[in-house]
Amino acid sequence: MSSSSDSVSLSSSSSESMESGRSVGRHVEEESTSPAAVVGGIPIETVIEVRKDRLEEIMESNWPAKAGYEWIAADVRNQSSLFRWSRLLNSWLNCIPVITKGVNRGIVYLERVSAIESVCHGQEGATEKFFYMYMCHFSQLHVRLPLDDFTMGVLRKLNVAPTQLHPNSWAYMQAFRFLCQSQYLQPSPLAFLYFYDTRPRKPTTWLSLVSRPSISRLDAFSQSFKYFKDGYFKVVVKEEGMSYFLNVDGSTKFPFSWTGSLSRNKDMGTDELSTADKEVVEVLMKFSDKLPTKGLVRVYNLVHPIIDIEGHMAQSGKKNLAFFQALRKEMATKAKTAGSTDVPNLQESLVEVHVHGGTKRNAELPTPPGKGKDLKKVRATLLGPGSSSGANGPEAGLIELPETSVRKDIDINLP
1 MSSSSDSVSL SSSSSESMES GRSVGRHVEE ESTSPAAVVG GIPIETVIEV
51 RKDRLEEIME SNWPAKAGYE WIAADVRNQS SLFRWSRLLN SWLNCIPVIT
101 KGVNRGIVYL ERVSAIESVC HGQEGATEKF FYMYMCHFSQ LHVRLPLDDF
151 TMGVLRKLNV APTQLHPNSW AYMQAFRFLC QSQYLQPSPL AFLYFYDTRP
201 RKPTTWLSLV SRPSISRLDA FSQSFKYFKD GYFKVVVKEE GMSYFLNVDG
251 STKFPFSWTG SLSRNKDMGT DELSTADKEV VEVLMKFSDK LPTKGLVRVY
301 NLVHPIIDIE GHMAQSGKKN LAFFQALRKE MATKAKTAGS TDVPNLQESL
351 VEVHVHGGTK RNAELPTPPG KGKDLKKVRA TLLGPGSSSG ANGPEAGLIE
401 LPETSVRKDI DINLP
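With UniProt numbering, letter number 254 in the sequence shown gets 254, and the count goes up by one each step, no holes.
Any given hint might turn out to be false.
Derived pair list, reagent style EDC-like, types lysine to aspartate or glutamate, alpha-carbon separation capped at 20 Å [what the hints assert, rightly or not]:
#, residue 1, residue 2
1, K334, E282
2, K66, E124
3, K238, D308
4, K157, D197
For the record, the hints were derived by calculation from the structure and aren't laboratory data.
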């Protein structure tokens, strides 16, 4: 049985994308449009919408659920995705970049998720290699594809798929990577995991890294990372992207699907570290206070990273700022003496930032529980301050991005 999604492309205008998002599988009550609300200081248009299932959605909902995943916690396997329509995925992609600067955008397809698929499901029935990602990976944590060697190495060491590692732990990875980069250090999976323990649970659920007391130098990104569980979609590897995600023998460079044999990491000793890893650990241990993970992660998306990271260092303590500046100067001298050509450029943004109207917005909208609300999340990301004015042209605050492929005409094979 197959399910055909509407043909979509990011080359269409922002206004067309929003109109598409409004029309897909929805009946909009025009009289229910309320005045603009403010979420996190951002004016957004709120619309009360009644879900109207399309025929293909009704058919998918009647398909039998995939069996054999009882080893995974019920709240994971029963969580459906809001990206069940390709146009919603397309609309979100108009706001958030997913590919690393300078990398060919044709290395992957992004694909919607059917009604019976879950983030923890494997590759059964698939003709192409794929893995799931959460939208928070890109919108809040500024992850980009393809994943770098450090990130893939951590996933291999822990034996987890990208969505199996809790977003708070992804934030630790991102902050650690940037901190090492700013100090001319090479981040490595073992040096990173030295600061954390893992406690896999049964039945299997999201894996969280637990900071080792008195050793970890990064605070938590969020005390309660919410509203990420339903924002997942498929990343399908195209032939042009195989070298980024697959080894020569065809095996994957990191687990593409959830696993039940997670690595248990407990009280790692320095004797397990290489000389280079020990240097990384010793340098980071010299910081006197915990460093702001959220601040370090946000630096990825700022125009002048070095200025912003020093600002965050100052907030965490004058000693940390003074040490950071002195250490950076010392490590730069060492790198120059050693003839290193891998010099971090912190004078310009680390990830691609395309902004219309000069403003970059974080529009993660806490959505009340209940069905029929998923479209509001995507629309909140799309609508800027001028969204309710009816003016022509791109909405104020929208991010304009190059074209990224969203998969269409998908054949879904029943198990």
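Each hint tested on the structure:
1. For a cut-off of 20 Å, the pair hint linking K334 to E282 stands: about 16 Å separates their Cα positions.
2. Of the supplied pair hints, the one linking K66 and E124 holds, its CA atoms being roughly 10 Å apart against a limit of 20 Å.
3. Annotation: proposed proximity of K238 to D308 is violated, straight-line Cα distance about 37 Å (limit 20 Å).
4. For the hint pairing K157 with D197, the CA-to-CA distance comes to about 12 Å; that is within 20 Å, so the pair holds.
The earlier numbered hint that this structure contradicts is number 3, and it is the only one.
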